[in-house]
Amino acid sequence: MKISKFLPLLVAGALYALPASAVELKIGLQDDADMLDPAQSQTFVGRIVYTALCDKLVDLSPDLQIVPQLATEWSWSDDGKELTMKLREGVKFHDGTPFNADAVVYDITRSMTLPESKRKSELKSVEKVEAAGEYEVKFILKSPDVTLLATLSDRAGMMISPTAAKEAGVDFGNKPVCSGPFKFVERVQQSRIVLEKFQDYWNKDNIFIDKLTYLPIPDTTVRLANLRAGDLDMIERLAASDAAAVKADPNLTYQSVVNLGWLAIYFNVGDNATTPIGKDKRLRQAFSLAIDREAANQIVYEGTSVAGNQPFSPQNPWYDKDIPVPARDIEKAKALVKEAGFDRVPVELIVTNNPVSMQMMQVVQSMVADAGFDVSLKATEFTTLLDEMEAGNYQVGRSDWSGRADPDGNIHQFLTCKAALNQSKYCNPEVDKLLNEARQAPDNAVRKQKYDAAAAILQDDLPMTYIGHQSWIWALNKKVTGFAAYPDGMIRLVGVKKAD
Amino acid sequence: MYTYIAKRLLVAIPTLLIISIFVFSLQKLLPGDPVLAMAGEERDPEVIEYLREKYRLNDPVPLQYVHWLGNAVQGDLGISLRTNLPVLTLVGQKLPVTIQLAIMSMIFAFAIGIPMGILAAVKKNTALDYIANVVALSGLSIPNFWLGIMLILLISVNLGWLPASGYRPFFEDPLNSIKTMLMPAFVLGNALAATLMRHTRSAMLSVLSADYIRTARAKGLSERSVVLEHSFRNAVLPIVTLSALLFGELLAGAVLTEQIFTIPGFGKLIVDAVFTRDYAVVQGVVLCTAFGFILMNLLADILYVVLNPRMRASL
Numbered sequence: 001m002k003i004s005k006f007l008p009l010l011v012a013g014a015l016y017a018l019p020a021s022a023v024e025l026k027i028g029l030q031d032d033a034d035m036l037d038p039a040q041s042q043t044f045v046g047r048i049v050y051t052a053l054c055d056k057l058v059d060l061s062p063d064l065q066i067v068p069q070l071a072t073e074w075s076w077s078d079d080g081k082e083l084t085m086k087l088r089e090g091v092k093f094h095d096g097t098p099f100n101a102d103a104v105v106y107d108i109t110r111s112m113t114l115p116e117s118k119r120k121s122e123l124k125s126v127e128k129v130e131a132a133g134e135y136e137v138k139f140i141l142k143s144p145d146v147t148l149l150a151t152l153s154d155r156a157g158m159m160i161s162p163t164a165a166k167e168a169g170v171d172f173g174n175k176p177v178c179s180g181p182f183k184f185v186e187r188v189q190q191s192r193i194v195l196e197k198f199q200d201y202w203n204k205d206n207i208f209i210d211k212l213t214y215l216p217i218p219d220t221t222v223r224l225a226n227l228r229a230g231d232l233d234m235i236e237r238l239a240a241s242d243a244a245a246v247k248a249d250p251n252l253t254y255q256s257v258v259n260l261g262w263l264a265i266y267f268n269v270g271d272n273a274t275t276p277i278g279k280d281k282r283l284r285q286a287f288s289l290a291i292d293r294e295a296a297n298q299i300v301y302e303g304t305s306v307a308g309n310q311p312f313s314p315q316n317p318w319y320d321k322d323i324p325v326p327a328r329d330i331e332k333a334k335a336l337v338k339e340a341g342f343d344r345v346p347v348e349l350i351v352t353n354n355p356v357s358m359q360m361m362q363v364v365q366s367m368v369a370d371a372g373f374d375v376s377l378k379a380t381e382f383t384t385l386l387d388e389m390e391a392g393n394y395q396v397g398r399s400d401w402s403g404r405a406d407p408d409g410n411i412h413q414f415l416t417c418k419a420a421l422n423q424s425k426y427c428n429p430e431v432d433k434l435l436n437e438a439r440q441a442p443d444n445a446v447r448k449q450k451y452d453a454a455a456a457i458l459q460d461d462l463p464m465t466y467i468g469h470q471s472w473i474w475a476l477n478k479k480v481t482g483f484a485a486y487p488d489g490m491i492r493l494v495g496v497k498k499a500d
Numbered sequence: 001m002y003t004y005i006a007k008r009l010l011v012a013i014p015t016l017l018i019i020s021i022f023v024f025s026l027q028k029l030l031p032g033d034p035v036l037a038m039a040g041e042e043r044d045p046e047v048i049e050y051l052r053e054k055y056r057l058n059d060p061v062p063l064q065y066v067h068w069l070g071n072a073v074q075g076d077l078g079i080s081l082r083t084n085l086p087v088l089t090l091v092g093q094k095l096p097v098t099i100q101l102a103i104m105s106m107i108f109a110f111a112i113g114i115p116m117g118i119l120a121a122v123k124k125n126t127a128l129d130y131i132a133n134v135v136a137l138s139g140l141s142i143p144n145f146w147l148g149i150m151l152i153l154l155i156s157v158n159l160g161w162l163p164a165s166g167y168r169p170f171f172e173d174p175l176n177s178i179k180t181m182l183m184p185a186f187v188l189g190n191a192l193a194a195t196l197m198r199h200t201r202s203a204m205l206s207v208l209s210a211d212y213i214r215t216a217r218a219k220g221l222s223e224r225s226v227v228l229e230h231s232f233r234n235a236v237l238p239i240v241t242l243s244a245l246l247f248g249e250l251l252a253g254a255v256l257t258e259q260i261f262t263i264p265g266f267g268k269l270i271v272d273a274v275f276t277r278d279y280a281v282v283q284g285v286v287l288c289t290a291f292g293f294i295l296m297n298l299l300a301d302i303l304y305v306v307l308n309p310r311m312r313a314s315l
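From first to last, the protein sequence lines are chains W and Y. Taking this note's numbering, the leading residue of the first sequence gets 1, the next gets one more, and so forth. Taking this note's numbering, the leading residue of the second sequence gets 1, the next gets one more, and so forth.
Since the hints were derived computationally from the structure, they do not count as laboratory data. All of these numbers come straight from a predicted model, not from anything done at the bench. Some hints here could point you the wrong way.
Unchecked claim - Pairs of lysine-lysine, DSS-like flavour, derived with a Cα cap of 30 Å:
(1) W:K378 / Y:K28
(2) W:K478 / Y:K179
(3) W:K211 / Y:K28
(4) Y:K7 / W:K425
(5) W:K479 / Y:K179
(6) W:K279 / W:K498
(7) Y:K54 / W:K425
(8) W:K128 / Y:K54
(9) Y:K179 / W:K418
(10) Y:K54 / W:K418
(11) Y:K28 / W:K497
(12) Y:K179 / W:K498
(13) W:K166 / Y:K54
(14) W:K247 / W:K281
(15) Y:K28 / W:K124
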């Protein structure tokens with residue numbers, strides 16, 4: 001028998017046996033995520049991984065509107081104390097457990113009661129959650145809280161499999177089971193997190209990636225080199241200094257969007273503030289006026305960030321246009337310093353020892369020197385900075401916020417008297433009142449009035465001065481298409497394709 | 001011989017104990033609160049307090065140490081605050097990677113350093129000697145991170161010969177594992193080769209001037225036999241000690257090289273742990289590293305005896 005007779009058969013057999021090539025996407029992250037339990041985790045990159053792993057009750061649109069995800073529709077009661085949600089039917093968790101109202105009740109209750117849960121303060125306004133049908137839940141609130149929907153568009157609203165959660169308890173994060181487009185395969189700390197397409201995903205027809213790998217690569221230069229070498233398909237938080245190179249590279253795509261957070265300088269104005277700048281608001285105003293925000297952002301972020309003076313960027317609908325970004329006014333700043341009774345003002349400014357933060361503060365140091373401030377920079381690593389600022393052991397400090405979709409998340413927890421992140425130690429009952437009312441007002445126009453009124457007071461008291469708003473910058477291989485930049489910095493993979 | 005090894009291992013116990021006390025107290029001297037560092041952006045005072053209690057961070061430091069030690073002798077090195085994983089699991093994940101990197105780096109170091117050292121000694125004060133010296137000196141003075149990034153740009157980005165990252169465990173995917181380790185191992189090995197070359201050269205020089213070498217040459221032995229069999233065999237002793245120390249250092253992790261090539265070894269683990277004040281992890285990794293160092297030293301001493309019959313009598 002001649003072998004040639006079999007040849008076509010063999011070839012056909014071999015071709016048939018070959019699997020259709022699986023599409024793999026590799027994403028370079030700036031850090032490694034912490035534990036992958038939505039109730040316990042804290043890192044920004046953790047949230048990026050969840051975007052693929054865990055669906056939420058609601059999601060955000062690029063223009064920050066709340067859109068359906070696992071909840072298809074919702075409504076508020078007239079008194080604003082009850083939120084009813086209709087749930088998507090036919091959704092399964094990665095372990096096959098069906099998603100329904102009981103699962104929502106279990107998950108929200110877990111986030112509210114697990115001792116290790118870091119979602120407790122976000123869900124503080126919730127009294128309880130009840131199933132009102134197989135696919136309907138009711139959130140019953142202690143007091144009206146319009147920020148709840150935005151809260152549910154993040155980790156607090158991520159649904160995990162009750163079966164897996166009951167079994168794993170506090171160790172759920174070691175092998176997370178959710179209902180997102182991708183399911184967990186493996187994780188090696190500081191090396192990789194591997195996910196694969198979930199074949200029973202409710203929206204699987206719009207998922208075009210079969211295997212997803214996240215690789216933490218802290219060094220931005222190395223991250224970019226890996227993208228260029230083809231070892232990564234996409235990287236997040238590209239350094240501003242590399243923006244021009246990526247734009248010029250025909251093999252790469254550049255994507256960016258101004259983020260929801262801010263870059264700010266904190267003044268310690270608390271009761272134990274002993275420094276002139278902490279005690280006298282005129283000095284803080286002078287300090288702020290001496291900064292050329294446009295120039296500082298241009299120099300340090302090479303035009304990728306925007307200048308700002310409020311907790312919302314000038315493009316944000318919540319920005320108060322009556323208080324525009326101030327131009328540098330050195331004469332007025334000098335006059336304020338003089339009025340406060342000073343000629344030169346010594347200031348110690350604590351800053352994290354990363355090159356970009358240091359560079360920004362060196363620019364500010366030289367700018368405010370012209371108005372009479374002798375700034376000495378105290379560089380320290382982040383954990384120490386956090387400790388010192390939390391304890392109020394500082395004069396002036398530099399810190400960032402990654403931003404939240406709801407305006408409340410960018411201001412309330414920093415500037416109300418007893419807020420957890422109030423590192424300025426600022427306390428003004430009037431501001432507290434306005435920010436608390438803004439939280440409860442269902443009408444956006446009323447909320448905006450409250451924020452504007454608070455902004456006017458804060459611009460005068462100046463417990464914090466905002467310098468600008470960074471952009472999230474991604475660089476992608478040209479083969480990757482369909483990615484949309486969202487101001488929350490997440491990487492949403494629905495609709496993302498990768499050509500062979 | 002066995003009693004000697006047993007004795008040496010027993011001595012390791014107080015050494016490790018002292019190291020653990022030292023590391024524990026040093027860590028507590030650092031400012032910064034681990035729970036706060038890991039609490040992230042939403043910091044809930046109630047949860048922070050709960051976690052402090054849970055991990056006994058409110059106890060007095062000596063009590064914390066005693067508690068840690070009590071668990072450690074039972075083989076429990078504690079839980080990583082950041083990942084909620086047992087420290088032993090983390091060490092188990094990273095140790096094979098670090099050992100692989102250390103072995104591959106040593107192979108590069110030997111392959112470059114020893115032949116260069118021998119050549120430089122044999123061809124003393126010739127152009128070859130000078131070239132070897134210049135190469136060694138540049139190996140020592142080029143910073144690892146710079147060489148690493150340059151290699152990535154040249155070999156991965158421009159030539160596309162080797163992957164820039166994407167480490168795979170050796171037993172899962174040996175070929176790709178070696179491919180991803182070649183550049184980092186070369187970077188580390190290149191720096192060590194310089195040290196090895198210098199030591200080989202001076203050890204060879206002192207042996208080559210010995211009387212028995214002159215006798216060997218006078219007997220009419222070939223130069224190859226004189227250099228490799230008679231001289232190098234004797235010159236190798238100090239090199240063995242040095243190699244053991246260098247290997248021990250590699251086991252402590254190579255922070256910068258690991259960062260650049262995203263190799264998930266000890267170096268990256270310990271640096272991240274220090275920055276987030278993940279005490280148990282720092283403590284566990286330092287102990288393992290110290291133990292590795294002690295083992296390597298012991299191995300060097302044993303090899304010494306094997307290679308030098310005169311030493312056997314002294315045991």
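Hints, verified against the model:
no., hint, result
1, W:K378 / Y:K28, "22 Å, holds"
2, W:K478 / Y:K179, "26 Å, holds"
3, W:K211 / Y:K28, "43 Å, violated"
4, Y:K7 / W:K425, "59 Å, violated"
5, W:K479 / Y:K179, "25 Å, holds"
6, W:K279 / W:K498, "57 Å, violated"
7, Y:K54 / W:K425, "28 Å, holds"
8, W:K128 / Y:K54, "27 Å, holds"
9, Y:K179 / W:K418, "55 Å, violated"
10, Y:K54 / W:K418, "25 Å, holds"
11, Y:K28 / W:K497, "49 Å, violated"
12, Y:K179 / W:K498, "25 Å, holds"
13, W:K166 / Y:K54, "21 Å, holds"
14, W:K247 / W:K281, "43 Å, violated"
15, Y:K28 / W:K124, "34 Å, violated"
The structure fails hints 3, 4, 6, 9, 11, 14 and 15 (numbered hints given earlier, in ascending order).
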